[in-house]
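Chemist: The residues making up each chain are set out below.
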Amino acid sequence: MSAKGVKSDAQLIEPLSQDNVASSNKIVTCAMCYQSSDHQQSECPYCGTVLHVRKKNSLQNTVALLVTSIVLYVPANIYPIMYTTSIGDEIASTIVGGVITLWEQQFYPIALIIFVASVMVPVAKILALSWLVYSVQSNRIISRKNNQVMFRITEFIGRWSMVDVFAVTILVALIERGNLMKVMPGVALIAFAAMVVTTMLAAFSFESRLIWDNPDKNKGKNTNV
Amino acid sequence: MSSPTKLACHECDQVVIIPALSDGQKAICPRCGFVFTRYFKKARSRLLAFSSSSLVFLLLSFVFPFLIFTTQGNEKVISLVQGLQSMGSGTYLSVVLFMLATTVLVPVMTLTGINYTLISAKLDKPLPFTRHILKLVFLLQPWNMAEIFLLGILVSMIKIASLGDVQFGWSFYSFVLYIISMAATRVFLDKYQVWQWFRHHDKRAYSYER
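From first to last, the protein sequence lines are chains A and B. The numbering of the first sequence is the working numbering, which starts it at 399 and goes up by one. The numbering of the second sequence is the working numbering, which starts it at 3 and goes up by one.
Chain B on its own, in the form it takes in the complex (with noise of 0.2 Å):
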């Protein structure tokens, strides 16, 4: 990297330059122990690979039963889509809508985002809007409740575990495959090292060296 530049740690502001760093070295502030980045060689290849299977898990995900519910000799089978609209009724409609969002709407969104800027980083030129799906990809993450809820799902199945046979459909399993996929992503996925991928395509605005 070129020459050294000042950094204000974002929670401390204390002044400091990272230092070049090895495989899987964290960079620290030294005040307030913020992680400011952790460097992983080839982590453009290894988030490619992760966010790019977290979407297909993710995908393949609404296509089947979810789960299979059986009382009495009726089976009910719920797919992940449709088993929020049901509920999607009435004065609930608020907390539907917040838990489709944060376990189906945001994890869509971040992994497109990701994939998009990934391919964009391999071009000469940055795709339109990389800069602004970045960020949006950042400001969603907090946002993304999906491994929440696989906790509320076994929440929910032990509760009714005495009213009748739950059984997990193909998306169930795919959705579990999504949330370790997503948590592999989630290590790749370096403020720091992403948005440094692109100042090489524009070395201008990056001038504030002292």
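Bound-form chain A, shown alone (with noise of 0.2 Å):
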């Protein structure tokens, strides 16, 4: 055995091809407990969850969801997040105008971080879930393990764009509203935080293994790995 933290493939039964997938093995396994059962299971014998050879009208989900997202999107940007009230003026900032304000502030890692968190990521998620369902649907593969990679990481990354939601929850928590000085939230934080979700939602509703699924149609470019 290799030196400690040595990664290693897990051991293959049969070379790699389209015909050793577990359909065809007639295995469907578990995704909560690892249990592999006959593929007419319709619950894991173990731990009673519901079992999927492939996630039911996954990509019609998704698809409904990201446009749920997409429509979100705009008073998301529109509308202003929050307004501030300091002696009188009432000044409402949206999301990029709260980037802008921090980068003339000087504060450039935070107005980066907002700027990647609530503008660049959301619209890199649904772009990047819009050509998965769009590259399985059509069975236009470039590489299926890129469209994997791309698709853990848009599962991964999505609750960060939280960020900016929680900034002003917070802000408009700890500035009482006196007289001096008041936070508002505004409607902008509602369409945000519920634009977040649905994309999360969207991503766990993806099946990745449609991703592999389709047999190739170009022919002699290995395309399965």
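Treat the hints with care, as some may be off.
What the hints assert, rightly or not - The calculated DSS-like cross-link candidates involving lysine-lysine, where the alpha carbons are at most 27 Å apart (straight line), are:
#: 1; chain 1: B; residue 1: K43; chain 2: B; residue 2: K127
#: 2; chain 1: B; residue 1: K137; chain 2: B; residue 2: K193
#: 3; chain 1: A; residue 1: K454; chain 2: B; residue 2: K8
#: 4; chain 1: B; residue 1: K137; chain 2: B; residue 2: K28
#: 5; chain 1: A; residue 1: K454; chain 2: A; residue 2: K424
#: 6; chain 1: A; residue 1: K543; chain 2: A; residue 2: K453
#: 7; chain 1: A; residue 1: K424; chain 2: B; residue 2: K127
#: 8; chain 1: B; residue 1: K8; chain 2: A; residue 2: K543
#: 9; chain 1: B; residue 1: K78; chain 2: A; residue 2: K580
#: 10; chain 1: A; residue 1: K454; chain 2: B; residue 2: K137
#: 11; chain 1: B; residue 1: K8; chain 2: B; residue 2: K44
#: 12; chain 1: A; residue 1: K424; chain 2: B; residue 2: K193
#: 13; chain 1: B; residue 1: K193; chain 2: B; residue 2: K127
#: 14; chain 1: B; residue 1: K193; chain 2: A; residue 2: K543
#: 15; chain 1: A; residue 1: K580; chain 2: A; residue 2: K543
#: 16; chain 1: B; residue 1: K124; chain 2: B; residue 2: K193
#: 17; chain 1: B; residue 1: K44; chain 2: B; residue 2: K127
#: 18; chain 1: A; residue 1: K424; chain 2: B; residue 2: K43
#: 19; chain 1: A; residue 1: K454; chain 2: A; residue 2: K543
#: 20; chain 1: B; residue 1: K78; chain 2: B; residue 2: K137
#: 21; chain 1: B; residue 1: K43; chain 2: A; residue 2: K543
#: 22; chain 1: B; residue 1: K193; chain 2: B; residue 2: K43
#: 23; chain 1: A; residue 1: K453; chain 2: B; residue 2: K137
#: 24; chain 1: B; residue 1: K43; chain 2: B; residue 2: K28
#: 25; chain 1: A; residue 1: K454; chain 2: B; residue 2: K193
#: 26; chain 1: B; residue 1: K124; chain 2: B; residue 2: K44
#: 27; chain 1: A; residue 1: K453; chain 2: B; residue 2: K193
#: 28; chain 1: B; residue 1: K137; chain 2: B; residue 2: K8
#: 29; chain 1: B; residue 1: K124; chain 2: B; residue 2: K43
#: 30; chain 1: B; residue 1: K193; chain 2: B; residue 2: K8
#: 31; chain 1: A; residue 1: K424; chain 2: A; residue 2: K543
#: 32; chain 1: B; residue 1: K43; chain 2: B; residue 2: K8
#: 33; chain 1: B; residue 1: K28; chain 2: B; residue 2: K8
#: 34; chain 1: B; residue 1: K193; chain 2: B; residue 2: K78
#: 35; chain 1: A; residue 1: K453; chain 2: B; residue 2: K8
Think of the hints as simulated: they come from the structure by calculation, not from any bench.
Make the complex out of the two chains shown on their own, each in a separate frame, by following the hints.
Modeler: What follows is the structure, given as structure tokens:
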């Protein structure tokens, strides 16, 4: 056995091929407890989780949630996320406006964090999931492995978009609604939070095994791996 | 372990057999790179150490002042739960409830669940509802946003740095320690391994071997 920390490949039964996937081996493995059972089982015999050979209506659900998040993205960016009142002046700031203000105040790292988390990540997520759905649907595959990695990143990174929502919520809680100064949340706060949740749900409802399912269109080129 | 069991990769459906792993080794799907499991020696004791300390740090961070904000001589002391409450009126209740759930409720439930299952695994016969609780722990995991909350605090601190003076209370430091020990807990909380502990109790259900 190799040294500590070395990655070890799970031992293969058969060579990598389209034929050696679980559906043709007639087994299904529980995503919760790793119990393998017959592919006709509807519930895991060990932990009772509902088993899917493939999640039902995965693409439809993903697309529906993606459309919802795109719709929510519009008010999230048009309307102000918070209102700051100090000594009578009310300033409304949008998400992008907040980033610009932070940049002008020379808080570069924080401005960058907010920009990445609330502007770049949501757009990237929506684009990535749309591409995955399109790629699976039209069987237009550039690299299955890249698609899988893209999906994994999308799934992992989604939660971090909540940073700005939490920051605004904390600000509102922190600053007393006094006469001199107050901070109020704006409509965009709800829209943006809902958008993050719907993109997260869209990622969860996407069936990653579909990435690997379709047989190869372009023969000769091994796009299976 | 007994005779090898065929597993289908969760992400690409490749059928594999997980080999015996040495300390720190990962079992990775050869086709898509999915990490099935990472084996650690004494993972159970390490997990118990980190999950119980996370729980203690998290509970402590509810008790003391979290942040102290001073403007024009007015001092405002905020504790974690109270801070979330003060925003809890009106239209924005949904956002506050979401934040409360993902930063307080989910972590408390997850950690209590982990500690419960660990105690259960030590006993000859698992405690009631162990499997249900374990399932809940894993289902809730992506909704634990405590570390994002911490980053949110730092961002809001900087946004109001010009308006007043902000000091961190004891709870804040406890919360930081909680985030650190929770990260360690996540390393040792391995789905595959954890379920394996209970397989020994219940050989009957673990019969599908080909």
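Chemist: Give a verdict on every hint.
Modeler: Hints, verified against the model:
no.	hint	result
1	B:K43 to B:K127	holds (23 Å)
2	B:K137 to B:K193	holds (10 Å)
3	A:K454 to B:K8	holds (24 Å)
4	B:K137 to B:K28	holds (23 Å)
5	A:K454 to A:K424	holds (18 Å)
6	A:K543 to A:K453	holds (20 Å)
7	A:K424 to B:K127	violated (33 Å)
8	B:K8 to A:K543	holds (22 Å)
9	B:K78 to A:K580	holds (14 Å)
10	A:K454 to B:K137	holds (21 Å)
11	B:K8 to B:K44	holds (25 Å)
12	A:K424 to B:K193	holds (23 Å)
13	B:K193 to B:K127	holds (20 Å)
14	B:K193 to A:K543	holds (23 Å)
15	A:K580 to A:K543	violated (50 Å)
16	B:K124 to B:K193	holds (17 Å)
17	B:K44 to B:K127	holds (20 Å)
18	A:K424 to B:K43	violated (34 Å)
19	A:K454 to A:K543	holds (23 Å)
20	B:K78 to B:K137	violated (41 Å)
21	B:K43 to A:K543	violated (31 Å)
22	B:K193 to B:K43	holds (15 Å)
23	A:K453 to B:K137	holds (19 Å)
24	B:K43 to B:K28	holds (13 Å)
25	A:K454 to B:K193	holds (24 Å)
26	B:K124 to B:K44	holds (13 Å)
27	A:K453 to B:K193	holds (20 Å)
28	B:K137 to B:K8	holds (22 Å)
29	B:K124 to B:K43	holds (16 Å)
30	B:K193 to B:K8	holds (17 Å)
31	A:K424 to A:K543	holds (24 Å)
32	B:K43 to B:K8	holds (23 Å)
33	B:K28 to B:K8	holds (17 Å)
34	B:K193 to B:K78	violated (43 Å)
35	A:K453 to B:K8	holds (21 Å)
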